[in-house]
Amino acid sequence: MCADSSSSGAESGVGLQENDDPFAIEQLTFCTDSRYLCIGGATSQVIGFRFSKHETHNEVPVIEIPMKYEDSEYEGSTDTEIACGMSSLLTQTSNESHDNVAQNYLLHVRSGHHKRLAGFQAEFVCLSPGVDSTTAPPYRITSLCVNSYANL
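Sequential numbering of the sequence shown, starting at 1, is according to the UniProt record's numbering.
Simulated from the structure, these hints should not be mistaken for lab results. Each hint should be verified, as a subset may be incorrect.
Pair by pair, the computed Cβ-Cβ distance ranges are [unchecked claim]:
#	residue 1	residue 2	range
1	V62	L117	19 to 27 angstroms
2	I25	P61	16 to 24 angstroms
3	P61	N147	13 to 21 angstroms
4	H54	S148	18 to 26 angstroms
5	H54	D20	16 to 24 angstroms
Quick reminder that beta carbons are idealized off the backbone N, C-alpha and C, glycines included.
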């Protein structure tokens, strides 16, 4: 049996407001069958935890999910208005190399192997970078689900 919990505040769908806590938990999902806990944070991060009765030494994998889009090349496309409206929120892909672009992550994860005490231990972290240092993350997490039978 799995349980979901979502935020009760106003859902604007867009990044943080000035007075919001960037480390706030907005979504929470727990599966009692697999003892798996998944949280969605205010800075577009998702962290998955698994319960362990023993101490472990492991590294937490970080999955980076940048939000990108491409302009429509077709004239008269109905998606043009949508792409123009989203251009202030998302980075635009181009032919330039993205290796030199520094990502703006509000949450930083320590790399390397670390001792994890018994209890809920982080298994993965998904991060979505902000567009630049002056803007908030592109979107908030709106839904979480844990499927213990499919290990999702």
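Subject >> Numbers of the earlier hints that this structure fails to satisfy, in rising order >> reply: Violated: hint 5 alone.
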